[in-house]
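Chains A and B, in that order, are what the protein sequence lines are. To convert, note that position 77 of the first sequence is 77 in our numbering; the numbers rise steadily by one, no gaps. To convert, note that position 46 of the second sequence is 46 in our numbering; the numbers rise steadily by one, no gaps.
Everything labelled a hint here was simulated from the structure, so no lab data went into it. Where hints are given, some of them may not hold.
[Claimed, not checked] Listed next, the in silico DSBU-like pairs over lysine-lysine satisfying Cα-Cα at most 30 Å (straight line):
hint, chain 1, residue 1, chain 2, residue 2
1, B, LYS206, B, LYS43
2, A, LYS66, B, LYS314
3, B, LYS490, B, LYS525
4, A, LYS66, B, LYS177
5, B, LYS197, A, LYS62
6, B, LYS311, B, LYS490
7, B, LYS534, B, LYS490
8, B, LYS197, A, LYS66
9, A, LYS162, B, LYS142
10, B, LYS534, B, LYS206
11, B, LYS314, B, LYS206
12, B, LYS177, B, LYS206
13, B, LYS566, A, LYS62
14, B, LYS311, A, LYS66
15, B, LYS143, A, LYS62
16, B, LYS143, B, LYS314
17, B, LYS525, A, LYS162
18, B, LYS558, A, LYS162
19, B, LYS311, A, LYS162
20, A, LYS62, B, LYS66
21, A, LYS66, B, LYS206
22, A, LYS66, B, LYS490
23, A, LYS130, A, LYS162
24, B, LYS142, B, LYS66
25, A, LYS62, B, LYS142
26, A, LYS66, B, LYS143
27, B, LYS206, B, LYS14
28, B, LYS206, B, LYS66
29, A, LYS62, B, LYS311
30, B, LYS197, B, LYS43
No experiment lies behind these values; they were computed from the predicted model shown.
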Amino acid sequence: MRHVIAVLLENEAGALSRVAGLFSARGYNIESLTVAPTGDPTLSRITIVTSGTERVIEQIIKQLNKLVEVVRLTDLSEISCIEREIMLVKVRAVEQGREEVKRLTDIFRGRILDVTDSSYVIELTGDDQKISAFLEAIGDDNLLEVVRSGATGIARGEKALKV
Amino acid sequence: MELSGGEVLIEALKEEGVEYIFGYPGGAVLHIYDALYEQNSVKHILVRHEQGATHAADGYARATGKPGVVLVTSGPGATNAVTGIATAFMDSIPMVVISGQVQSRFIGSDAFQEVDCIGITRPCVKHNFLVDSLETFAETIKKAFHVATTGRPGPVVVDIPKDFTTPGITVPFDYSKSVEMRSYTPAVEGHPGQIRKAVDLVLSAKRPMIYSGGGVVLGDASEQLTQFARLLNYPVTNTLMGLGAYPSTDPQFVGMLGMHGTYEANMGMHDCDVLIAIGARFDDRVTGELESFCPHARIVHIDIDPASISKNVKVDVPIVGNVGQVLGEMIKLIEATDKRANPSDLDDWWAQIRGWQSSECLAYDQSSDVIKPQAVIEAVWRATNGDAYVTSDVGQHQMWVAQYYPFDKPRRWINSGGLGTMGFGLPAALGVQLAFPDETVVCVTGEASVQMCIQELSTCLQYGTPVKVICLNNRYMGMVRQWQEFSYEKRYSHSYMDALPDFVKLTESYGHVGMRIEKPGDIDKSLQEAFAMKDRLVFMDFVTDQTENVYPMIEAGKGHHEMRLKPSRELA
Numbered sequence: 001m002r003h004v005i006a007v008l009l010e011n012e013a014g015a016l017s018r019v020a021g022l023f024s025a026r027g028y029n030i031e032s033l034t035v036a037p038t039g040d041p042t043l044s045r046i047t048i049v050t051s052g053t054e055r056v057i058e059q060i061i062k063q064l065n066k067l068v069e070v071v072r073l074t075d076l077s078e079i080s081c082i083e084r085e086i087m088l089v090k091v092r093a094v095e096q097g098r099e100e101v102k103r104l105t106d107i108f109r110g111r112i113l114d115v116t117d118s119s120y121v122i123e124l125t126g127d128d129q130k131i132s133a134f135l136e137a138i139g140d141d142n143l144l145e146v147v148r149s150g151a152t153g154i155a156r157g158e159k160a161l162k163v
Numbered sequence: 001m002e003l004s005g006g007e008v009l010i011e012a013l014k015e016e017g018v019e020y021i022f023g024y025p026g027g028a029v030l031h032i033y034d035a036l037y038e039q040n041s042v043k044h045i046l047v048r049h050e051q052g053a054t055h056a057a058d059g060y061a062r063a064t065g066k067p068g069v070v071l072v073t074s075g076p077g078a079t080n081a082v083t084g085i086a087t088a089f090m091d092s093i094p095m096v097v098i099s100g101q102v103q104s105r106f107i108g109s110d111a112f113q114e115v116d117c118i119g120i121t122r123p124c125v126k127h128n129f130l131v132d133s134l135e136t137f138a139e140t141i142k143k144a145f146h147v148a149t150t151g152r153p154g155p156v157v158v159d160i161p162k163d164f165t166t167p168g169i170t171v172p173f174d175y176s177k178s179v180e181m182r183s184y185t186p187a188v189e190g191h192p193g194q195i196r197k198a199v200d201l202v203l204s205a206k207r208p209m210i211y212s213g214g215g216v217v218l219g220d221a222s223e224q225l226t227q228f229a230r231l232l233n234y235p236v237t238n239t240l241m242g243l244g245a246y247p248s249t250d251p252q253f254v255g256m257l258g259m260h261g262t263y264e265a266n267m268g269m270h271d272c273d274v275l276i277a278i279g280a281r282f283d284d285r286v287t288g289e290l291e292s293f294c295p296h297a298r299i300v301h302i303d304i305d306p307a308s309i310s311k312n313v314k315v316d317v318p319i320v321g322n323v324g325q326v327l328g329e330m331i332k333l334i335e336a337t338d339k340r341a342n343p344s345d346l347d348d349w350w351a352q353i354r355g356w357q358s359s360e361c362l363a364y365d366q367s368s369d370v371i372k373p374q375a376v377i378e379a380v381w382r383a384t385n386g387d388a389y390v391t392s393d394v395g396q397h398q399m400w401v402a403q404y405y406p407f408d409k410p411r412r413w414i415n416s417g418g419l420g421t422m423g424f425g426l427p428a429a430l431g432v433q434l435a436f437p438d439e440t441v442v443c444v445t446g447e448a449s450v451q452m453c454i455q456e457l458s459t460c461l462q463y464g465t466p467v468k469v470i471c472l473n474n475r476y477m478g479m480v481r482q483w484q485e486f487s488y489e490k491r492y493s494h495s496y497m498d499a500l501p502d503f504v505k506l507t508e509s510y511g512h513v514g515m516r517i518e519k520p521g522d523i524d525k526s527l528q529e530a531f532a533m534k535d536r537l538v539f540m541d542f543v544t545d546q547t548e549n550v551y552p553m554i555e556a557g558k559g560h561h562e563m564r565l566k567p568s569r570e571l572a
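Build the full structure now, drawing on both the sequences and the hints.
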């Protein structure tokens, strides 16, 4: 099953490689991994999307917690959460296709950021399902380049992952 | 007090109560070596290879419970140390390794003797630190010792660029007594609710089995384990790493379990209805095929590392905490209640275990004309009154010590269980002997293993460590040969050692005493002779039976109940 795990870790050189190294050394799957500083400059936040059996996910969480630089973590999939990913996509847009792509962008609440006479660059934000649905709607033939940020997530409600 | 980086290190080691530092100098640590030169409180042991430094520090740590400390230079110094760091990591041994690094401004430039030590050691350390300023150096050392010795112990590397140890560049020295790390807070006390649940399950057993491991040794919880087992009259089996945590000569002890464990221990595991796992991690060499592991048992698991719980085997009552503390709480609860396992159930269970024991799975041919390796180990046990510190390398000889040298005390049996590092035994024995100069220290090895770190014979001479080396020389990599016999139709591919050295002459050239023993009748008297040389290292080269195998054995893919016993004693 797919899990989204949010990790707060010390904002130190090499901390990210400990997390990435753990996944490769133990053969865990990484679908996506994002990392950025937080409001607290001493902490970074990683969002990892992974998948595995219940046993594997349990081990991933325990092994992550065991890393000395990991301060706190939460499995967002266990609670009600909001997941978002940003995608920039370059699409071939010529003749009647131009209108079609623009319409699709509107339907998916995307934004066109760049226009040439043969292409658009579109920005789209959403969860994994929405982004996949948009890509499917555009179709492989028209996709010139796809850049996905990887998922980030936050729990609903007042409870916060912080130190 | 204003100190340079090198002096900061020495003062910090003093604060930590470090007695010995095992190391080898080189460019990136020359400033530190200069600081070492001017003082006597931390004794430096000059090894002959950095692998030897880490193993010696490791042996010291296993025997004393204190962290082993290592100092190596950058580049090859660091990479040579990696095998020893990984060895300590796999067996959760507290160790602090200080490695020199090229000057901070050269990092990343492929400078002379530069390697990414932090990157290389990352997967085999509990944690590592790259020192980023002289100002934080003392605090980093404090953290390194704290992390290495608390929770589930392990090796910690501190990589220090050379420019932070430059003489004349100083900082005020302030070594705090304690350290707070918000991201590192290991659990110590077991959850009271879980402890109560565990006691209920333990007391409901009809066919209980206590399976304890290295965690009991590392947690200094032998007393609690012994008290717990005796209070209940439950059988005890130890893992390879746990030997000595429960007295091996005690009637409740059923021997080691696992791949080369006793018939009674493994059958007991297979048939038990409640398994009490204490400081053990369900390693594959212990469990055999997981599909058929303890099929009837409900399992209590006490371990300080949450990640060990339900990693390989799903358990019913997990308790995260220090094993000594948790056992102490369990003992209190048991003593406060009259509830006990049904005595007749327990009697039946013991009768069954005694029945398995009557198969005498460790019996071997006593009438052979060639020296049987098992006979040598038993003779060493007699010669040392069963009370020596025994290190070993890896292979058949290691298993024979585990089987034929019953350890009654913890921290006496010092071997590389997790990583299985050949070359461990001799340097480890050096470390143990330095820690306990008046105790008998034996290194049991084979002619293949010992050659992997034989250069440390030179270190042993320099520091006058009178280790007794027992070499079971069968002119084969015995365990490899055994697997080739069983699984590869006796195709002995590259397991034969041609052109072996004359170990007697070799030992003598290193300034020690060498002996060669070829007849079974000479074993005891030669051992007496060797052990009488209290202040000399004696290398005893026992020419043993080339065809002897380690039995019993659980082969790959088999369960505890499917042991391979010695051919002449095959049981139905």
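Now the hints, each set against the structure:
1. Restraint check: the Cα-Cα separation between LYS206 of chain B and LYS43 of chain B comes to about 54 Å, which exceeds 30 Å; the hinted pair is violated.
2. The suggested pairing of LYS66 of chain A with LYS314 of chain B holds, with an alpha-carbon distance near 19 Å, which does not exceed 30 Å.
3. For a cut-off of 30 Å, the pair hint linking LYS490 of chain B to LYS525 of chain B is broken: about 36 Å separates their Cα positions.
4. Proximity of LYS66 of chain A to LYS177 of chain B is assessed by CA-CA distance (about 24 Å); at most 30 Å being required, the pair is judged to hold.
5. Taking the CA atoms of LYS197 of chain B and LYS62 of chain A, the gap is near 23 Å; set against the 30 Å cutoff, the hint holds.
6. Taking the CA atoms of LYS311 of chain B and LYS490 of chain B, the gap is about 36 Å. The hint is violated against a cut of 30 Å.
7. Using a Cα cut-off of 30 Å, the hinted pair LYS534 of chain B and LYS490 of chain B is violated, with the two alpha carbons roughly 43 Å apart.
8. Distance hint between LYS197 of chain B and LYS66 of chain A is fulfilled; the C-alpha atoms sit about 26 Å from each other, no more than 30 Å.
9. With a C-alpha separation of about 26 Å, the suggested pairing of LYS162 of chain A with LYS142 of chain B holds against the 30 Å cut-off.
10. Under the criterion of a C-alpha separation no larger than 30 Å, the hint pairing LYS534 of chain B with LYS206 of chain B is inconsistent with the structure, at around 50 Å.
11. Pair hint LYS314 of chain B plus LYS206 of chain B holds up; C-alpha atoms about 21 Å apart against a cutoff of 30 Å.
12. Between the alpha carbons of LYS177 of chain B and LYS206 of chain B the distance comes to roughly 49 Å, so the proposed pair goes past 30 Å and is violated.
13. Proximity of LYS566 of chain B to LYS62 of chain A is assessed by CA-CA distance (about 42 Å); at most 30 Å being required, the pair is judged violated.
14. Distance hint between LYS311 of chain B and LYS66 of chain A is fulfilled; the C-alpha atoms sit about 14 Å from each other, no more than 30 Å.
15. With a CA separation close to 22 Å, the supplied pair LYS143 of chain B and LYS62 of chain A stays within the 30 Å bound.
16. The hinted pair formed by LYS143 of chain B and LYS314 of chain B fails the criterion: a straight-line CA distance of about 34 Å is larger than 30 Å.
17. Distance hint between LYS525 of chain B and LYS162 of chain A is unfulfilled; the C-alpha atoms sit about 69 Å from each other, more than 30 Å.
18. The suggested pairing of LYS558 of chain B with LYS162 of chain A is violated, with an alpha-carbon distance near 48 Å, which exceeds 30 Å.
19. At roughly 28 Å between alpha-carbon atoms, LYS311 of chain B and LYS162 of chain A fall within 30 Å of each other, so this suggested pair holds.
20. Note on LYS62 of chain A and LYS66 of chain B: the hinted pairing holds, with a Cα-Cα distance of about 27 Å set against a maximum of 30 Å.
21. Between LYS66 of chain A and LYS206 of chain B the CA atoms are separated by roughly 36 Å; this puts the pair beyond 30 Å, and the hint is violated.
22. Our distance criterion of 30 Å between C-alpha atoms is broken by LYS66 of chain A and LYS490 of chain B, whose separation comes to about 44 Å.
23. The straight-line distance between the Cα atoms of LYS130 of chain A and LYS162 of chain A is roughly 28 Å, inside the 30 Å bound, and the hint therefore holds.
24. For a cut-off of 30 Å, the pair hint linking LYS142 of chain B to LYS66 of chain B stands: about 15 Å separates their Cα positions.
25. Distance check on the hinted pair: LYS62 of chain A and LYS142 of chain B sit about 25 Å apart at the alpha-carbon level, within 30 Å; holds.
26. Taking the CA atoms of LYS66 of chain A and LYS143 of chain B, the gap is about 16 Å. The hint holds against a cut of 30 Å.
27. A C-alpha spacing of about 53 Å is found between LYS206 of chain B and LYS14 of chain B, which places the hinted pair above 30 Å, so the restraint is violated.
28. Straight-line distance between C-alpha atoms of LYS206 of chain B and LYS66 of chain B comes to about 40 Å, which puts the hinted pair past the 30 Å bound.
29. Between LYS62 of chain A and LYS311 of chain B, the direct Cα distance comes to roughly 10 Å. Compliance with the 30 Å bound is thereby established for this hinted pair.
30. Distance check on the hinted pair: LYS197 of chain B and LYS43 of chain B sit about 49 Å apart at the alpha-carbon level, beyond 30 Å; violated.
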